[in-house]
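4 protein chains.
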Amino acid sequence: MVGGGRDAFIGAVHRKAMALDGQIELVAGALSSEPGKARASGQDLGLADDRNHGSWQELLADEQRRPPGERIDFVSIVTPNHVHYEVAAAFVEAGFHVVCDKPLVHDSTQAEALVKLVRKGGTVFGVTYNYTGYPMVREARHLVRTGVLGEVRKVTVEYNQGWLATAVEEQGNKQAGWRLDPARSGSAGTMGDIGSHAENLAATVTGLSLESICADLTAFGKGRQLDDDGHLLLRYSNGARGVIIASQVAAGVENDLRLQVSGTLGTITWRQEEPNQLVHSPIDGPRRILTRGSPWLCESARLAGRLPAGHPEAFIEAFANVYLGVAADIRAHLAGLKADPLAADYPRIEDGARGVRFIEKVVESALSERKWTAFT
Amino acid sequence: MVGGGRDAFIGAVHRKAMALDGQIELVAGALSSEPGKARASGQDLGLADDRNHGSWQELLADEQRRPPGERIDFVSIVTPNHVHYEVAAAFVEAGFHVVCDKPLVHDSTQAEALVKLVRKGGTVFGVTYNYTGYPMVREARHLVRTGVLGEVRKVTVEYNQGWLATAVEEQGNKQAGWRLDPARSGSAGTMGDIGSHAENLAATVTGLSLESICADLTAFGKGRQLDDDGHLLLRYSNGARGVIIASQVAAGVENDLRLQVSGTLGTITWRQEEPNQLVHSPIDGPRRILTRGSPWLCESARLAGRLPAGHPEAFIEAFANVYLGVAADIRAHLAGLKADPLAADYPRIEDGARGVRFIEKVVESALSERKWTAFT
Amino acid sequence: MVGGGRDAFIGAVHRKAMALDGQIELVAGALSSEPGKARASGQDLGLADDRNHGSWQELLADEQRRPPGERIDFVSIVTPNHVHYEVAAAFVEAGFHVVCDKPLVHDSTQAEALVKLVRKGGTVFGVTYNYTGYPMVREARHLVRTGVLGEVRKVTVEYNQGWLATAVEEQGNKQAGWRLDPARSGSAGTMGDIGSHAENLAATVTGLSLESICADLTAFGKGRQLDDDGHLLLRYSNGARGVIIASQVAAGVENDLRLQVSGTLGTITWRQEEPNQLVHSPIDGPRRILTRGSPWLCESARLAGRLPAGHPEAFIEAFANVYLGVAADIRAHLAGLKADPLAADYPRIEDGARGVRFIEKVVESALSERKWTAFT
Amino acid sequence: MVGGGRDAFIGAVHRKAMALDGQIELVAGALSSEPGKARASGQDLGLADDRNHGSWQELLADEQRRPPGERIDFVSIVTPNHVHYEVAAAFVEAGFHVVCDKPLVHDSTQAEALVKLVRKGGTVFGVTYNYTGYPMVREARHLVRTGVLGEVRKVTVEYNQGWLATAVEEQGNKQAGWRLDPARSGSAGTMGDIGSHAENLAATVTGLSLESICADLTAFGKGRQLDDDGHLLLRYSNGARGVIIASQVAAGVENDLRLQVSGTLGTITWRQEEPNQLVHSPIDGPRRILTRGSPWLCESARLAGRLPAGHPEAFIEAFANVYLGVAADIRAHLAGLKADPLAADYPRIEDGARGVRFIEKVVESALSERKWTAFT
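Protein chains in written order, with the numbering used here: chain W, 1 to 376; chain P, 1 to 376; chain U, 1 to 376; chain X, 1 to 376.
Mixed in with the good hints, there may be bad ones.
Taking beta-carbon pairs under 7 angstroms as the criterion, some of the chain W residues facing chain X (in silico) [as the list claims (entries may be wrong)]: (1) 16; (2) 19; (3) 20; (4) 22; (5) 311; (6) 312; (7) 314; (8) 315.
Everything labelled a hint here was simulated from the structure, so no lab data went into it. Backbone N, C-alpha and C fix where the C-beta goes; we use that ideal spot for every residue, glycine too.
With these hints in hand, go ahead and build the complete structure from the sequences.
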């Protein structure tokens, strides 16, 4: 693992997700950009001294020195965004499989370079768009892709949070600090952090190609250089229309990610805060509440669950599903086989690259003011 | 009553709303544009023969002939949209109070002419934006207007229905027929029918001034001349941002109107399909579920309810609240008094006129294609 | 109408329910046991002086004097419980149709006498167990009665309210005053007031015969002579088991009536506070949310609704359905016909009498302490 | 670990719960009563050969042979019920800490013997009543214990499942097989399996002492020797009343465990299928939705969570909290310290013993038929 040391929020989540199913063991790390903190964090986690490094460069060098059978199987990159590119590129070039947090990198140039490297090396590269790891999102994808909704006409993703409603970045909140800093976060704030999840969720479930975007981004917090709120109109190449609403200033709201997709034959709705159910409203019968763990779900949704229906699974389990997908792909790779697509079901480097381009285009659209009609 | 004869959906709703509280009696009518049907409809409802007319012109003439004490107190206009203007204008000019369905008229010219007539005559004129008659919408208005939410930053209104998902207008659905016909419905379809409710709800609750609009309207149904789906980005003069989503092709969805308003201090959410509760998420404490009938609601919300908490009220009761507001204003007018604003709480001619302008501007914006940034 | 004068809660509800659909007009009354208050209340409601009486005896005498065509069609009795019997008996004996609030009378002797009178006179007699007027309760009945749930095994009714959690009867709450007074309320408090609704709901939906009862009634409020809380175990003659929980001291709870019925093939759940939906969990597929106004409901549920799905109806509309059922039966009676059972769908005198017996047996069971096994 | 081999449901859950937080490592096992299956299961999980045993006796003997620093810190017993006693007693006597699944043992004699052994040895003994590991159950306990609800009057626990609605025990469902077999499951079926969870939940949250029980147990499935459904009336020593409803034949229902507690000042409601929220209805203000991860929760509830509000946690995380509590106690024990009660928060041997007594008394009460009053 690179990044994720003491005080880091998401690093600990990655570790729990890896540990949950007993398939992945954390054996080496460079857990902070600050060597002392990196090593102290590694000691907290019980890393052996010779695999607890002060920098990712040392980690990489050490792993390369080891005989193949004693090396890590993959590296997980959970640093702030601006570090992703160089770490990922270096590990991919050295032939290691990689899991990287989203958004993948800062711009399309980096993203395309990384895609090329991965394709050249043929290594496994997963991006932790964790929300698409939820079993009921997989069921949603199944319903859309198999035509149960008919032709898709309308996609709405709302992703509201309230944690940036006040100036927490001035009060020592580290995550707010880097998320709102263009140098570390990239060209977008909220749109990069959670708008990118919204894009990935819509794309994963519907498989539609985005054709054009009309964006309104706002920084409500005083002095913020990056957006903390945004609204997007979307057009898809098949004629479908979409809306993305993303906000981190929806005061009092927790982590309210919702997806609604309407097709000619029905509508599905999923809410991350109640992730074990998917609502399906067909045009010709009563609403159906599909629940995780039910025998009538698609195989992909069933495989993504661990417990019977009514025994809820949640965020960490969905996150772990991304790791399980990567692990299945790496195992197949090690065995010289093609992975079973049902098992190796995780967001790929191409999803990450598309997400970066999405952020760029949203920012470009937001800068254009021609779109407005005065209401007088 | 003008309009609302046999087979008309909304006319029957108006009559139940009028009857509910025992304050309004239907005594005269011209219930259809077709004289025979008008009279047959009046007979169904037990109208006296001498007050059951074949046309609104006859109704008006008859009422004008009667001595003041025997006249109707007001007329309720529940025809398709294209008839509103001439009927309303004639009754207002003749000095009658009026209740008129929304959208008020076809264009701003008519709307402004009507506003002038009403102001000149000093008569009462209510527009049945019925959703703002819900007690919990009044509580929402109270929370926003008294600063409980702080400064408003974000307004989202979603209004999805599915009844136009298939070509019902070709299968004898009369309401679909006129709603999708520009001659009878005006320049917008879904945006006129339910987008106008969304606009009124946002404006009533927040009191914010709309500054500019960016609209994407779509007609998904083959051969439809008017939109059956639309997405709007909104900017308000105080810097707040908004989104309106309205659709009548969200297959399988019933009447899913939702409002969410976020301010610096919290967020409120209201859903029409569960109208007895308002969710308030303050920034500094747990979510609160405010319920109709509770003693801690504002006076306006309490006055708008009839039953104790937990004994739900719904659509007809909210609709009746609009009529109660108009009735209170007419009673005050008859008594030569200024009405108590708490009692005479209903959408006015100005709300109706603003709604017409809103539709015009949405259509204007939708025609501009400059707004899009290609996603390639 | 007898009873329901100024300050009475339920009388006003009855009047709105009668008025809603334009089929019933209130023309005469004896609205209080106190003559002055009775007449003042009648004036508030616009009753003609000659039909606004100081006592129910005067009302009855006056109606009997009138020629048949000028008489009331039926009387609605909305007094406190202890008055029901003598008023109902007198009107039935005089040949009038009756609607009477629940619980019907104080004891089985009265109930049986009344049943005999009604059967002898052949008049219409409805009891306002209003909750069974909800369309989705009718759908629940349909699902159970047509075998969709298989054989019923388990019935749970919970009816919790919190309005008696404090000593409101000592603070001028008139309804609490008579509800907790054995002289006016009968042998049971909460069990008579809302336990009787629970019994009626279970019986109406399932049609099962109760075989035996084991009851625990409690008066939590200091000095109360009647129960304000109760728990019942039930056994039905087909082997099914049941539980009724009823409380008026569930502090902070509004009017939380729930029904759950499980059979061999599935389970249905209905909540009065969200009355427009019925949840059906079949054993072999996803949960279904059946909603009022949907075309796939049974005819009885469809007839009980006024508005399309998603336009909620609620308490008053359900109450009005009881009146519509009575009205249909009276109209058939006046026409000398047998009423269409789909239209004349309302709780009968026999339901009322069974409810009285239920209360008696619950109280009898509660007095037996033999049932308890010490936990030591 | 003892038990939990291939095909066992709950063993795998225990392992995920142990692994989640990186504090517990599975190093040895006797994973089945069948030696071959035991070892094969251990191989699946990567146990070293010398710690992968064919019987629990071998496991115990091997651990006792090892020097103290190389021994297991505790054993987790996840076998069917009838094996619990001898395994637990042997490990406790040998000085090992123990985690044991519920219900603890078959009867009070065994339970008391085990309590004595644990007290004598001073070892740590946790019972996996996993539902009380949910953060919001801890918040519920806090609200009740600190008087926010006032004096408790009423406790309702409903625990409905549908997985035994059909004769799955005849179709190869192993869990159903032993759960319904008195030899392996004890004197109760559903009441032992999930009724015991209900008892523990009520006792943990309220701290009330049960005084007496009145039970109705039923075996709906043909030929079943143990109950698959039960209803209990409860009386507590402070005068509070309770109801427990438990069923495994509620066809179509998943794992619907609900708790409702009413006191003089309000009511709380918690549902296991939506475990991240606790509804608190105070008597004097709007309902509050308390959510896991919120800063205003009690310290115990905050410590039991891993993620911010809105990032749901669920069943496995709650289960892991029981293990974290045991681990904290063992760590304190190893360090010779008294554990911090906030950290060492888990169900103890005494909770397990009380649960066994509860099952005995319920069965005793159910056998008495004196309790019923005929309804004729």
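Inset, instruction - Please write out, lowest number first, the hints stated earlier that are contradicted by the structure. - result: Violated hints: none; all satisfied.
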